[in-house]
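Those sequence lines, one after another, are chains H and V. The working numbering numbers the first residue of the first sequence as 1 and each following residue consecutively. The working numbering numbers the first residue of the second sequence as 1001 and each following residue consecutively.
If you're looking for bench data, these hints aren't it; they were derived computationally from the structure. The beta carbon of each residue, even a glycine, is placed where N, CA and C say it ideally should be. Be careful, since some hints might not be right.
[To be verified] Simulated crosslink set (SDA-like; lysine to any residue; CA at most 20 Å straight-line):
| # | chain 1 | residue 1 | chain 2 | residue 2 |
| --- | --- | --- | --- | --- |
| 1 | H | Lys-411 | V | Tyr-1015 |
| 2 | H | Lys-2 | V | Ala-1111 |
| 3 | H | Lys-19 | H | Asn-328 |
| 4 | H | Lys-93 | H | Val-141 |
| 5 | H | Lys-2 | V | Ala-1297 |
[As the list claims (entries may be wrong)] Some, not all, of what chain V presents toward chain H, calculated at C-beta under 10 Å:
| # | residue |
| --- | --- |
| 6 | Leu-1054 |
| 7 | Val-1076 |
| 8 | Pro-1084 |
| 9 | Glu-1086 |
| 10 | Met-1105 |
| 11 | Ala-1283 |
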Amino acid sequence: MKALQIAVKDTLTRFRDWKALAGMFAAPLIISAMIGLAFGDLGGDEAPIENIPVVLVNLDAGELGQAYEDVLTSPDLATLIALETMQDPEAAKARIEAGELRAVIVIPAGFSETVIPDSHGNSGQANVELYTDPTAEISPVIVRSIVERITAAINSTLLAGQVAGQQAAGYAPLLGPAMGQLGAAIGAELQSGNLNLQESLLDLEVVSTGETGESFDPFAFFIPGMAVFFLMFSMFEGSRSILQEERHWTLQRLMSTPTPTWEIILGKMGGTFLTGLLQFTILMLSSTYLFGVSWGTSILGLAILVVLTVFAASGLGAMLTAFSRNENQAGVVGSAVSLVFGALGGSFFPTDGLTGLINIASKLTVNRWAMDGFLALTVNRGGLADIQTPILVLAVVGSVTFVLATLAFQKRFVK
Amino acid sequence: MSNPILQAQNLHKRYEKVHAVQGISFDIQQGEIFSLLGPNGAGKTTTISMLSCLLSATEGDAVIDGHSVRTQADAVKRVIGVVPQEIALYPDLTARENLMFWGKMYSLSGAHLKQRVAETLEIAGLSDRANEKVETYSGGMKRRINIAVGLLHEPKVLFMDEPTVGIDPQSRRRILDTVLELNQRGLTVLYTTHYMEEAAELSRRIGIVDHGKLIALGTQDDLTKLVGESDTVRIGISGVNDTDALLAALTKLSGVDHAALEEDELVLQATNANAHLSQIISAIGAASGQVKSIKVAEPNLEAVFLHLTGRALRD
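Pulled out of the complex, with its shape left as it was, chain H reads as follows:
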């Protein structure tokens, strides 16, 4: 099929153009990296892993609360954890929100009394609460591991105590030796990267601060944003190539060959689409490799969304080009639309807070629907069912613009 030959030729030509490559790949990756650095979370966590700022709010007056505190303040963990103690859990949690802390451990009041069996062997349940920074990925896991290890050790001691049938007061002598070496053991396991999490009979409640408790990775937002933004530029530029071919007479030469005009137009638009598809795919792979961006768990949803985003963007580019008076006008209009769509459509900032006319205007952009889809997959970890509306809208936009562009080009070039 000659349309495919034309599309492949256009893609090859585009990928040999260093300026075009810079716009397609270098610019979005560099800008995303700069934004990621500005957010201070490049690489997903602090590095090196030491002096993790943690607050212990020990409201328990008994032995168990003290046991947690002893382990956390042991010299073996001193390098790893920069522990502070506080008495107000809410104030401590506020410091996580402010970005000062990675975790807050709360031992509730009466914890020992509740958990340690009385003289009749009866005991209740209580939770150790762990609050973590949602923007950090590694340090919360480490703190949680430590707390779980302590909890597991206490749990073993409690079980031993029960078996021995000792009274509550007798647990203290047991806890001392059990906890004494725990700090060193945890430190060694962390160093070897082989920290074993054990099942705990005591509950450990882990809560990430923030409304949803979801971890926010700035790259998961900005990489799709920049990818869509620069895709629009690339698609408009690619669509303009048909007018460049007219200026250089290669279009006329194509039309002097026994190739139907519709097939030439299809090939030209197909080339832009193929270029966009490769651009977006390479950007996804690069961002995954360079910045650790996770594009979600739904490969099918992601594939459909990428194809339809490129389809809509290239269709829109083709339509604007087809209705432009000349190549220059197409360039100016394309750049303007790319910028406005980027700003309105959520390529630079989340559109969650948009209301009224701005929100309506935002929904008239390809970027908005594409971003809604990508954020549903990358940030919210959604699946195909969560992006049905965006993919439907993008499919309609792509289909309508492609048909209009084909008709307009046909009218323009058949003289």
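Assemble the complex: chain H is given as a structure, and chain V must be docked to it using the hints.
Here is chain V on its own, set in the frame of chain H:
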């Protein structure tokens, strides 16, 4: 004798405000090189565009190898090769990649395509530089690849629209030799140019086009007979204040048929020019002009154009 492979019949092309081609008719015999000679804007490219099915004729038709350009465009496109005036190539691709691509557009494929690419590269004399990007080529080399593209599918008729514009004399010579060689192999060529010498060298029959009309058509002998025994006199001048008055004075002289100014050169059509040179020089002196050079040429196509239009060919 008559075996036309191309017959153009009363071709017209009208735009909103311009009647670009006004009833051009001619035919081309199989194996012939036929030239359309005329200044820029005469309608040559529009005529070739209609014959190539790039533009639809407002009126009239042309039949090429038995196929109408109006109703059988696809069949026409299979038997013609087109070499546009512009370098219609992809500069980011190598010469070989360009030829492979264009060959595919003519439905060539596989070993046959590769063979034709190799053969046309040979014709262009660029086999050894086939894998270099076209953007690195000189103007002459680009022109040669431009021609090679038109030959890929072994057309029966090759349309060449001013293929030597803007190149050095050496490359021009090479292209003219290539056209002659292709014609010797049996290829029919429609060649447009505004260079009288090219038309004269390549073609036995020539059509002269001006303002969208075919104003003369015939062999070179037929055409030069139109100007009788007139010689063409080219006089380099300077210092003339009122050139219109000078031209008017010159055309009143006995033996001078036409006078025109081409930059700093007077172009005169005069019978037995040598006998009238003294009068001509006096007229120039009377107009405060100085004569810098004088050339007298026997009747030629330029004289024909001047005779027919009152203007020099390159006006």
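Evaluation of the provided hints:
1. Lys-411(H) with Tyr-1015(V): Answer holds: Lys-411(H) to Tyr-1015(V) is near 16 Å, not above 20 Å.
2. Lys-2(H) with Ala-1111(V): The given pair, whose Cα atoms are some 18 Å apart, holds under the 20 Å limit.
3. Lys-19(H) with Asn-328(H): 18 Å, holds
4. Lys-93(H) with Val-141(H): 17 Å, holds
5. Lys-2(H) with Ala-1297(V): 53 Å, violated
6. Leu-1054: For Leu-1054(V), the interface hint holds, since the closest Cβ of chain H sits about 6 Å away, which is under 10 Å.
7. Val-1076: Nearest chain H Cβ about 9 Å off; hint holds.
8. Pro-1084: Constraint on Pro-1084(V) satisfied, holds at 5 Å.
9. Glu-1086: Constraint on Glu-1086(V) satisfied, holds at 4 Å.
10. Met-1105: Where the cut-off is 10 Å and the nearest Cβ of chain H is about 4 Å from Met-1105(V), the hint holds.
11. Ala-1283: 46 Å, violated
Consistency with the previously given hints fails for numbers 5, 11, ordered from lowest to highest.
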